[in-house]
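Protein chains: 2
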Amino acid sequence: MYTAELWKENISPLPAFDEAELIRSINSVLSLRNRIEKIVDEIWANDFDSIFFIGIGGTYASCQQAEVFMRGRSSLPVYAENAAEFNTTGNKRLSAQSAVIFSSVSGTTPEMITMIRRIHEAGAKAFGFVDTENSELAGMADWVISVPKQEQLKFFLVCTYLMYRNHEFDEYDRFCRQLSACLAKDLAETEKESDAWAKQFAQKTSAFLKEHPDMPHYFIASGNLAGAAYSAAMCYWAEQLWIRTVYVSAQDFFHGMQEVITRDVPVILFVGEDEQRPLAERAARFLPKVCANYTIIDSSEFPMNGIDEHFRGILSPLIIRSVMNRVDAWLEIELRHLRSIRRYYRQFDY
Amino acid sequence: MYTAELWKENISPLPAFDEAELIRSINSVLSLRNRIEKIVDEIWANDFDSIFFIGIGGTYASCQQAEVFMRGRSSLPVYAENAAEFNTTGNKRLSAQSAVIFSSVSGTTPEMITMIRRIHEAGAKAFGFVDTENSELAGMADWVISVPKQEQLKFFLVCTYLMYRNHEFDEYDRFCRQLSACLAKDLAETEKESDAWAKQFAQKTSAFLKEHPDMPHYFIASGNLAGAAYSAAMCYWAEQLWIRTVYVSAQDFFHGMQEVITRDVPVILFVGEDEQRPLAERAARFLPKVCANYTIIDSSEFPMNGIDEHFRGILSPLIIRSVMNRVDAWLEIELRHLRSIRRYYRQFDY
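Chains F and V, in that order, are what the protein sequence lines are.
Positions 0 to 349 (numbering that gives the first Met the number 0) are the ones given, in order, by the first sequence.
Positions 0 to 349 (numbering that gives the first Met the number 0) are the ones given, in order, by the second sequence.
Any given hint could be a false lead.
Since copy identity is lost for identical chains, a pair holds within one copy or between any two.
Said to hold, decoys possible - Straight-line distance between alpha carbons at most 25 angstroms, and here's what the computed SDA-like set of lysine to any residue pairs gives:
#1 203 x 309
#2 198 x 305
#3 91 x 71
#4 203 x 78
#5 124 x 203
#6 209 x 292
#7 91 x 312
#8 203 x 293
#9 288 x 239
#10 124 x 78
Simulated from the structure, these hints should not be mistaken for laboratory data.
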């Protein structure tokens with residue numbers, strides 16, 4: 000009886016969804032605009048020679064999404080780096096004139112702490128989004144903002160303002176105003192709209208895993224969704240739900256990994272709206288010919304009311320994450336697997 | 000009777016191993032030294048603003064190994080790019096003063112042909128190692144060398160000479176002379192020495208796959224072995240042997256993927272000798288605690304006679320590939336799966 004009540008409470012109406020809190024969280028990050036601008040202005044005034052987005056695991060994926068967004072649009076020297084690689088290999092292009100942008104939820108990740116120490120030794124400065132106030136990383140950053148969640152959105156705010164300052168994104172103010180007016184509500188609607196489908200998909204996935212517990216799910220994406228697919232595969236499904244996954248970019252998929260896809264292999268393809276969309280579309284054309292168990296999640300199918308069509312490409316990762324939030328919440332229930340538990344991470348020394 | 004004869008012929012003494020041909024191939028690439036230097040000298044004389052290693056699939060992995068090798072050692076602006084990404088997203092840092100280095104076996108890869116067209120439109124020039132003479136890519140390159148195989152070695156020759164010219168690798172001549180004197184023989188010895196173990200490992204893997212056909216094998220590596228592990232997982236095992244694989248870097252392994260590793264999950268860890276070795280060593284310490292089916296291939300266990308200890312870090316990918324060549328040759332026999340066949344690649348339009 001008690002269990003049945005708990006179950007009911009958990010799944011009604013949308014599991015793990017608090018619309019008011021979601022809207023508050025997104026808007027609190029969007030309201031950081033002025034603080035972010037002020038910090039970027041200071042970085043700009045320092046006459047930086049390069050900007051490094053540095054992360055590890057999921058935060059590295061967010062760094063890669065920031066870098067690929069700017070790569071084709073900005074002449075600014077912007078790089079994505081893995082913290083553990085930086086700590087061992089270093090990077091000769093990082094100098095006392097470099098600025099590092101990073102994000103951390105816990106504020107205690109050892110690789111990130113070492114990284115900040117190293118870049119400080121080089122004379123560089125760090126701007127950190129550290130969700131946990133008074134944490135070690137919050138204390139180490141030269142500039143810090145401690146407002147939780149929405150990591151990718153924070154990075155995109157930094158990117159678009161950097162590009163605005165470099166005369167590469169004149170619409171920055173319009174972009175920010177539209178996000179502030181509509182993004183939170185749009186993403187909440189996306190979660191609500193995709194929930195029924197997500198529930199079905201989670202049930203199907205759960206049934207599949209019961210029959211095929213070893214079979215990995217293949218995540219494919221390109222452009223600024225590559226990091227989203229990498230995170231979905233590794234940081235959400237593998238880490239939080241203990242589901243086997245493979246991530247492969249749509250571009251490399253056709254140079255090897257495609258050969259192991261047959262009728263029943265589960266494939267999840269994220270299709271975005273940035274300039275790399277054709278790479279994912281190629282996978283979308285290929286998959287139905289060889290696979291009967293693929294799922295395509297296309298950000299273009301979700302309305303973003305009040306936001307200009309040509310801004311949508313930037314927002315694809317946020318749209319896809321909203322859909323996957325629903326899938327993950329239902330998988331937690333279907334698999335009876337709490338997303339908060341870890342087998343190994345921070346459980347013992349290694 | 001006929002089948003038995005064929006079988007015997009195939010596996011005796013080392014399957015798919017022609018020592019004389021291997022030594023000839025490696026030495027023919029090492030003898031390119033003067034031609035490579037002359038081309039790099041011309042690139043240098045053009046006062047380049049950046050060097051892009053651009054590839055797709057396996058050749059992209061080789062590009063990444065070249066980039067990570069130079070990242071911590073050279074102040075030269077060297078980047079690794081994926082051809083399909085470049086064709087869609089572009090890269091604002093590529094200019095008429097840029098030089099592109101690439102490699103292609105077939106000389107007909109569509110993404111690479113488009114890429115060369117695009118970089119020519121930007122005024123940049125391309126130096127290609129194109130194994131197939133008179134192929135389309137060979138015709139398009141501004142400088143071309145058509146000597147087959149040993150792609151990674153060719154790239155390392157370019158890298159080390161670039162660094163020599165930039166006063167970052169004074170030992171270049173000594174390095175080249177040692178390679179010319181010893182590398183081919185050393186790598187042939189590595190293949191011969193590892194063959195017995197490789198046969199056992201292939202048998203074990205084949206037996207495992209018979210019981211667990213869905214279970215992926217996890218490949219983990221870091222540094223200049225990251226590309227080697229990515230290639231081994233995707234271009235060799237998945238593409239050529241149709242074995243499910245997951246590639247994850249040692250650094251990101253601890254931020255998600257580790258959670259799905261349990262007793263019987265097959266994990267292959269490459270440990271190299273460059274500065275990122277500690278990242279792989281961390282995985283080597285972790286794995287035995289949670290997994291009873293891991294395999295560690297450590298390049299440091301194979302002698303490289305006549306080559307200075309401190310050059311070994313550069314050569315780890317070649318050593319590991321030599322070992323994996325034996326594993327793959329035995330897997331071809333154990334799995335009764337010809338490595339030359341493709342289910343989909345170049346079989347139909349997609």
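My question is about residue 124 and residue 78: at a cut-off of 25 angstroms on alpha-carbon distance, are they close within one copy, between copies, both, or neither?
Classified as both: same-chain Cα gap 15 angstroms, cross-chain 23 angstroms, threshold 25 angstroms.
Homo-oligomer pair classification [residue 309, residue 203; C-alpha up to 25 angstroms]
neither (35 angstroms within a copy, 54 angstroms between copies)
25 angstroms Cα threshold - placement of residue 203 relative to residue 124:
neither (48 angstroms within a copy, 51 angstroms between copies)
How would you label the pair residue 198, residue 305 (within, between, both, or neither) given a Cα cut-off of 25 angstroms?
neither (28 angstroms within a copy, 63 angstroms between copies)
From the Cα coordinates, with 25 angstroms as the cut-off, is the pair residue 203 and residue 293 best called within, between, both, or neither?
within (12 angstroms within a copy, 32 angstroms between copies)
Homomeric proximity label, residue 203 with residue 78: Cα distance no greater than 25 angstroms:
Neither way: residue 203 and residue 78 sit 39 angstroms apart in one copy and 42 angstroms across, limit 25 angstroms.
Should residue 209 paired with residue 292 be assigned to within, between, both, or neither, using CA atoms and 25 angstroms as the limit?
both (15 angstroms within a copy, 23 angstroms between copies)
Evaluate residue 288 and residue 239 at a C-alpha cut-off of 25 angstroms and name the case that applies: within, between, both or neither.
between (32 angstroms within a copy, 20 angstroms between copies)
For residue 91 and residue 71, with the copy left unspecified, which applies at a CA distance of at most 25 angstroms: within, between, both, or neither?
Answer is both: 23 angstroms inside a copy and 5 angstroms across each meet the 25 angstroms cutoff.
For residue 91 and residue 312, with the copy left unspecified, which applies at a CA distance of at most 25 angstroms: within, between, both, or neither?
Result: close only across copies, 18 angstroms inter versus 33 angstroms intra.
Hints 1, 2, 4 and 5 from the earlier list are contradicted by this structure; the remaining hints agree with it.
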